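> Listed below are the residues making up each chain.
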Amino acid sequence: MDPKIETKHVNFYYGSVHCLNDVTLHIKEHEITALIGPSGCGKSTFLRTLNRMNDIIPGTRIEGEVLLDKQNIYERGVDVVELRKRVGMVFQQPNPFPKSIFENIAFGPKRLGLSHKLNLDEVVEKSLRAAALWGEVKDNLHKSALALSGGQQQRLCIARVLAVEPEVILMDEPCSALDPASTLKIEELMQDLTKNYTIVIVTHNMLQAARVSEWTGFFLLGEMIEYGKTVDIFSRPKDKRTEDYITGRFG
Amino acid sequence: MVRTSFERHLHELQDDVLVLSSMVEKAIYRSMEALKNRDLELAKQVIADDSEIDRKRFDIEEKCIELIVTQQPVASDLRIIVAVLNIIIDLERIGDHSEGVGKITLMIGNEPPLKPLIDLPRMAQKTGDMLRRSLDAFVNRDAEAARRISKEDDEIDALYDQVFRELLTFMAEDSRTITRATRLIWVAHNLERSADRVTNICERVVFVVTGKMEEIGVSKY
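Going down the list, the sequences are from chains A and B.
Counted from 1, the first sequence has number 86 at position 87 by numbering that gives the first Met the number 0; the numbering is strictly sequential.
Counted from 1, the second sequence has number 180 at position 181 by numbering that gives the first Met the number 0; the numbering is strictly sequential.
Hints are computed from structural coordinates only; laboratory data are not their basis.
Computed from a predicted model, the values in this text were never measured in an experiment.
We put the CB at the ideal spot given by N, CA and C, even for glycine.
Mixed in with the good hints, there may be bad ones.
Computed cross-link-like contacts, DSS-like style, restricted to lysine-lysine with a CA-CA straight-line distance of at most 27 Å [as the list claims (entries may be wrong)]:
id: 1; chain 1: A; residue 1: Lys184; chain 2: A; residue 2: Lys98
id: 2; chain 1: B; residue 1: Lys211; chain 2: A; residue 2: Lys237
id: 3; chain 1: B; residue 1: Lys211; chain 2: A; residue 2: Lys228
id: 4; chain 1: A; residue 1: Lys7; chain 2: A; residue 2: Lys84
id: 5; chain 1: A; residue 1: Lys27; chain 2: B; residue 2: Lys211
Here are a few chain B residues that sit away from chain A, every Cβ distance over 12 Å (derived from the structure) [what the hints assert, rightly or not]:
id: 6; residue: Leu17
id: 7; residue: Ser21
id: 8; residue: Ile46
id: 9; residue: Lys102
id: 10; residue: Gly108
id: 11; residue: Asp128
id: 12; residue: Asn139
id: 13; residue: Thr181
id: 14; residue: Gly216
Pairwise CB distance ranges (calculated) [said to hold, decoys possible]:
id: 15; chain 1: A; residue 1: Gln190; chain 2: B; residue 2: Gly210; range: 22 to 32 Å
id: 16; chain 1: A; residue 1: Glu62; chain 2: B; residue 2: Glu214; range: 47 to 57 Å
id: 17; chain 1: A; residue 1: Asp231; chain 2: B; residue 2: Lys114; range: 16 to 26 Å
id: 18; chain 1: B; residue 1: Val18; chain 2: A; residue 2: Gly14; range: 36 to 46 Å
id: 19; chain 1: B; residue 1: Gly210; chain 2: A; residue 2: Phe90; range: 52 to 62 Å
id: 20; chain 1: B; residue 1: Arg2; chain 2: A; residue 2: Asn10; range: 28 to 38 Å
With these hints in hand, go ahead and build the complete structure from the sequences.
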């Protein structure tokens with residue numbers, strides 16, 4: 000099967016700082032890929048190259064190719080809004096809009112001009128169900144999203160991404176602000192979502208990477224040191240640096 | 000963020016395995032000593048000591064569980080603990096085989112000896128020696144040594160063949176020796192099984208070092 004996303008020799012610079020060095024990687028469709036590594040290793044920067052989220056940071060530059068279904072997303076003429084609809088993102092801090100739960104979910108489809116074609120009630124229900132939040136909020140859809148708990152807010156943000164029917168979901172430390180019970184819910188949700196979506200997650204929690212992902216990439220100082228089946232990375236890593244990092248002998 | 004306390008626990012775990020293996024090695028030699036010298040008291044002692052071995056094995060297993068729960072080991076740390084969990088089962092089983100030799104010695108009791116024992120003590124010596132070196136290979140993370148030791152199981156198999164043929168001759172020539180000869184064959188079988196367990200330990204050493212599970216010594220029996 001062709002990879003959903005393929006990066007070829009990606010180099011990334013913040014001004015003169017070379018922070019991603021020749022990263023080549025395949026991301027499989029309908030599977031979860033985890034990116035791990037110490038702070039500042041480039042894993043989040045790499046994640047953001049996958050939907051051009053770095054474009055908005057001034058003074059940055061990218062070399063190499065990022066292919067989504069074999070199409071280079073950095074080619075001239077690529078519609079970045081359309082790209083980010085296909086490749087959605089969930090951030091570390093839940094960031095619901097200061098609006099109702101309903102409006103949060105309906106925002107994307109409205110903004111993309113889909114509301115005349117779609118029944119927004121249906122979209123909202125479907126997205127909330129897919130994000131395992133429907134049961135908890137169905138009677139309060141018009142209450143403020145900010146009244147939800149942290150874990151619920153994060154699932155709301157996932158529902159908001161799902162509402163625009165993406166193909167890939169990028170998650171940047173989606174559980175680091177959540178308690179263990181909410182974390183578990185998000186992890187279970189991720190497993191369910193792989194039926195329809197491809198997920199790439201950056202996490203500091205190595206056990207989370209081991210629990211949820213099929214594939215793991217280890218980053219260090221802007222380089223991808225090792226990439227392989229998660230079970231292999233965590234039981235028999237090939238590179239000494241991976242071994243040192245995951246066994247806590249790093250630094 | 001070097002995990003000193005975890006490192007210390009891993010070392011202690013390894014030391015515990017060495018203690019268990021020396022208890023087991025002693026059981027191999029003493030059970031043979033008891034058989035050779037028809038020392039029924041010593042045979043009883045070997046049987047009694049086996050419960051110490053069992054206790055030690057459970058004690059190590061508990062420690063492994065504790066380390067898994069509290070440290071969530073991965074990579075080589077995980078492989079060491081998984082290897083220890085397997086090695087202690089093999090050690091405990093070798094202990095049971097020695098206990099078996101002790102029980103056979105009690106069964107033989109004061110029956111007149113069939114013949115002077117030569118090959119059986121050799122088998123015991125060789126098995127004990129392979130066992131000690133397999134644990135050295137574990138501590139030294141020496142996969143090559145483990146593979147070599149495992150091959151030496153062929154010598155045990157050859158001795159077993161020899162003992163079997165010799166005792167068969169006794170039985171064929173004089174049916175009154177059948178009971179005594181059969182008991183000695185059981186002893187040889189216990190030793191042969193013990194040496195096979197040593198090859199399992201060698202496989203675990205290879206797993207710790209390389210991460211690969213491979214069957215390295217295929218016993219004839």
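> All hints, please: hold or fail.
Hints versus structure:
1. A/Lys184 / A/Lys98: 24 Å, holds
2. B/Lys211 / A/Lys237: Within the cut-off at roughly 12 Å; holds.
3. B/Lys211 / A/Lys228: 15 Å, holds
4. A/Lys7 / A/Lys84: 22 Å, holds
5. A/Lys27 / B/Lys211: Distance of about 26 Å is within 27 Å: holds.
6. Leu17: Correct as stated: the minimum Cβ-Cβ distance to chain A is 22 Å, above 12 Å.
7. Ser21: 29 Å, holds
8. Ile46: Check passes; 40 Å lies beyond 12 Å.
9. Lys102: Label holds. Min Cβ-Cβ 41 Å, cutoff 12 Å.
10. Gly108: Non-interface label on glycine 108 of chain B holds, nearest chain A Cβ at 51 Å vs cutoff 12 Å.
11. Asp128: 31 Å, holds
12. Asn139: The claim stands: asparagine 139 of chain B keeps its Cβ more than 12 Å from every Cβ of chain A (closest is about 18 Å).
13. Thr181: 46 Å, holds
14. Gly216: The claim stands: glycine 216 of chain B keeps its Cβ more than 12 Å from every Cβ of chain A (closest is about 22 Å).
15. A/Gln190 / B/Gly210: 22 to 32 Å: About 26 Å separates the Cβ atoms of glutamine 190 of chain A and glycine 210 of chain B, which means 22 to 32 Å holds.
16. A/Glu62 / B/Glu214: 47 to 57 Å: 48 Å, holds
17. A/Asp231 / B/Lys114: 16 to 26 Å: Taking Cβ atoms as reference, aspartate 231 of chain A and lysine 114 of chain B lie about 55 Å apart, which means the hint is violated.
18. B/Val18 / A/Gly14: 36 to 46 Å: 59 Å, violated
19. B/Gly210 / A/Phe90: 52 to 62 Å: For phenylalanine 90 of chain A against glycine 210 of chain B, whose Cβ atoms are near 36 Å apart, the range 52 to 62 Å is violated.
20. B/Arg2 / A/Asn10: 28 to 38 Å: Holds: the Cβ-Cβ distance is about 34 Å, inside 28 to 38 Å.
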